[in-house]
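S.K.: Taken in order, these protein sequences are the chains called V and U.
Using the working numbering, the letters of the first sequence correspond one by one to residues 1 to 285.
Using the working numbering, the letters of the second sequence correspond one by one to residues 1 to 332.
Don't take each hint at face value.
What the hints assert, rightly or not - Not the full set, but computed from the structure, chain V residues with beta-carbon under 8 angstroms of chain U:
{"id": "1", "residue": "ASP31"}
{"id": "2", "residue": "MET33"}
{"id": "3", "residue": "ARG36"}
{"id": "4", "residue": "PHE39"}
{"id": "5", "residue": "PHE172"}
{"id": "6", "residue": "CYS178"}
{"id": "7", "residue": "TYR179"}
{"id": "8", "residue": "GLN183"}
{"id": "9", "residue": "ARG197"}
{"id": "10", "residue": "GLY204"}
{"id": "11", "residue": "ARG235"}
{"id": "12", "residue": "VAL236"}
{"id": "13", "residue": "VAL239"}
{"id": "14", "residue": "ASN240"}
{"id": "15", "residue": "LEU255"}
{"id": "16", "residue": "GLU256"}
Because the hints were derived from the structure by calculation, they are not lab data.
Glycine included, every Cβ here is placed at the ideal spot set by N, Cα and C.
Chain by chain, the residues run as shown.
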Amino acid sequence: MNPSEEIAKKAKELLQSKAVECFIGYQRATDGMTARPLFAHAPEEADRLIFDQTCTHNLVKYLLNHKGKATGIAVKPCDSRAINLLLIEHQIERKNVFIIGVVCPGMVETSWNKTSEKVKDICKLCQQHTPVIYDFLVGEPGPEPQAEAYPDVAKLEALSPAERREFWEKHFSRCIRCYACRQVCPGCYCGECFVERLDPLWVGIRIAPSENEMWNSMRAFHLSGRCIGCNQCERVCPVNIPLSLLNRKLEKEALELFKFRAGIDAETPAPFATFKKDEKIGIGE
Amino acid sequence: MSQFISKKGLLSWLDKLAENHSLVAPTRVEGSILFRKIDSTEDIVFNFSNTNLSPKEFFLPPSETIFSVEKKDGQMNLIPEVIEGQTVIFGLRPCDAKGLATLDLPYLEEPGDALYSQHRNKTTLVGLSCLSACPECFCTSMGTGPDDPSNLDIILTEVEDGYIVQILNEKGKALLPEELLVMKDVATPPAPFVSPVPSRGITDKMRQAFDNPYWSRLADRCIHCNICSYICPTCYCFDVRDYTNKGRIDRVRSWESCQSPGFTKIAGGYDPRPDKGPRLRQRFAHKLIYFPEIFGTMHCTGCGRCVKTCPVNIDIREIIQDIQKLRSGKNA
């Protein structure tokens with residue numbers, strides 16, 4: 001059986017036995033070549049499930065709309081880290097989620113009505129090809145690369161502060177504040193986002209360089225030590241802002257300071273949600 | 001015989017225009033094609049299907065000060081915003097011109113929106129016919145077409161070595177002097193075939209489907225970002241805030257979207273539209289029911305941007321097809 005058939009078969013079983021009310025997976029999009037999320041509520045709907053290298057979405061965010069209901073979900077390894085993030089932050093309950101993990105060969109570059117054979121750059125840097133949490137595994141786990149690599153971040157760090165400022169100013173000036181990055185992010189689930197608070201007013205409503213910069217950098221800080229690297233923010237950005245680069249820089253900082261990668265397990269306390277009296281991290285002491 | 005301008009002639013005309021106009025044209029910006037004010041015709045992209053964002057941003061900018069109030073010598077003075085200078089938008093597609101004509105209906109209806117009217121009056125539209133149809137567009141089902149000259153001031157159609165020129169009104173005539181044109185025996189290329197959607201009768205069908213569970217099921221997938229509204233050539237909602245600074249108040253409006261979770265939240269925190277289904281339905285009900293019932297035309301031009309850009313493939317063409325197939329009634 002190929003991954004699509006394996007996922008469809010298992011999802012159908014889960015729906016038939018009423019182990020889950022809904023199964024969240026992928027189906028073909030209307031362009032006939034890329035993928036889109038599928039919510040199967042009845043066993044026969046599971047026949048439409050697919051899995052291939054165009055399944056770029058992280059579906060875990062949707063679990064927040066199904067709180068308290070038994071839900072099945074298909075996850076790639078990066079997406080599976082989001083489940084651990086939501087578990088450790090007490091947003092979902094393990095008993096309510098049936099996880100089909102898929103060993104991931106890396107996703108390919110896709111856009112509307114276009115697919116390619118070219119594996120995404122971000123996937124080439126991936127360290128996690130087997131899901132970190134699952135109830136049912138599709139695919140054969142292989143060996144993982146040994147060391148974290150951040151060649152993209154290193155390139156950014158090699159720039160002078162003035163050049164870095166210019167780089168981000170240029171990109172943020174294009175932002176239209178559609179909040180697609182936030183809406184798609186499994187780590188962005190606040191009932192009221194700081195950007196929409198009126199009192200205190202953190203960021204004004206202007207869609208203009210200064211407010212755009214404030215919005216994007218504050219969001220990045222809220223994700224430091226929490227971003228699980230699924231690249232959704234960058235995937236959905238309608239004006240191609242390299243948001244993953246910003247998040248990966250902060251991920252690298254968290255790794256270097258705390259030896260911590262978000263979502264690898266659901267037990268290790270998150271650095272910014274933990275206070276250890278004796279902790280020395282080499283800054284500010 | 002058609003009026004014709006060579007490619008070289010076009011470029012030198014545009015260069016000349018840029019001297020005393022703000023010249024806006026499609027240009028390449030970090031992997032996107034966007035309308036931007038350009039300094040040199042070298043930056044214009046001619047070979048493009050359509051821009052990622054619509055030209056709406058030059059008439060209803062993402063953010064704009066509506067007016068200011070200043071305290072001076074014990075007096076409060078109201079300072080209206082004045083739009084300076086003339087703008088030419090080059091290279092917009094007929095669907096986007098139809099988008100502006102659609103925006104005109106709510107924005108120019110008396111009393112017209114002061115800022116929008118100024119932008120509109122001070123801008124001349126030089127369109128480019130589409131020689132091929134994008135896979136996502138359906139303009140011919142929404143009252144326009146790939147070579148529709150209405151709603152433009154000048155339309156150009158690319159042929160070998162240059163463009164067939166149609167000057168469509170006085171504004172166009174004033175911009176492009178006739179002496180720059182020659183009469184040439186050149187055939188107008190046929191308009192490309194655009195895949196239709198079954199839009200006939202959709203307003204009634206939408207009304208019948210208002211309470212259908214279809215919307216909640218569809219909204220399962222929607223992430224409620226504002227992409228569709230912001231890239232849409234006809235969506236026009238905005239939010240207003242006052243910016244205060246040392247005795248001066250700027251009243252600012254910025255794009256806002258019915259898809260945004262807080263859009264309908266009112267004083268006290270009450271939200272009359274808290275659920276995902278009705279929220280998603282609002283966008284399509286506005287486009288296919290409310291706007292046509294009030295203004296007599298669809299609130300969609302078939303440009304296909306939302307189809308192409310939606311991160312989760314909420315596809316208005318598919319929705320129109322699905323709604324047409326639904327039987328009426330609550331649980332149909």
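S.K.: Decide, hint by hint, whether the structure agrees.
M.R.: Now for the hints, and whether the structure bears them out:
1. Checking ASP31/V against chain U: minimum C-beta separation of about 7 angstroms stays under 8 angstroms; hint holds.
2. A least Cβ separation of about 10 angstroms between MET33/V and chain U goes past the 8 angstroms threshold, and the interface hint is therefore violated.
3. Residue-level restraint check for ARG36/V holds (minimum Cβ-Cβ distance to chain U is 4 angstroms; threshold 8 angstroms).
4. For PHE39/V, the interface hint holds, the least distance from its beta-carbon to any beta-carbon of chain U being 4 angstroms, beneath 8 angstroms.
5. With a least beta-carbon distance of about 12 angstroms to chain U, the hint placing PHE172/V at the interface is violated under the 8 angstroms criterion.
6. With a least beta-carbon distance of about 4 angstroms to chain U, the hint placing CYS178/V at the interface is held under the 8 angstroms criterion.
7. About 6 angstroms separates the beta-carbon of TYR179/V from the nearest beta-carbon of chain U, less than 8 angstroms, and the hint is met.
8. For GLN183/V, the interface hint holds, since its Cβ comes within 8 angstroms of a Cβ in chain U; the closest pair sits about 4 angstroms apart.
9. With a least beta-carbon distance of about 10 angstroms to chain U, the hint placing ARG197/V at the interface is violated under the 8 angstroms criterion.
10. The beta carbon of GLY204/V is positioned within 8 angstroms of a beta carbon in chain U (closest approach about 6 angstroms), and the interface hint is therefore held.
11. A cut of 8 angstroms between beta carbons decides the hint on ARG235/V: the least distance to chain U is about 7 angstroms, and the hint holds.
12. Evaluation of the VAL236/V hint against chain U yields a held restraint, the C-beta minimum of about 4 angstroms falling below 8 angstroms.
13. Taken as an interface hint, VAL239/V checks out: its beta carbon lies about 6 angstroms from the nearest beta carbon of chain U, inside 8 angstroms.
14. Satisfaction of the interface hint for ASN240/V is found here, the shortest Cβ-Cβ separation to chain U being roughly 4 angstroms, below the 8 angstroms cut-off.
15. With a least beta-carbon distance of about 28 angstroms to chain U, the hint placing LEU255/V at the interface is violated under the 8 angstroms criterion.
16. The criterion of a C-beta within 8 angstroms of any C-beta in chain U is not met by GLU256/V, whose closest approach is roughly 29 angstroms, and the hint is violated.
Hints 2, 5, 9, 15 and 16, counting from the list given before, are not met by this structure.
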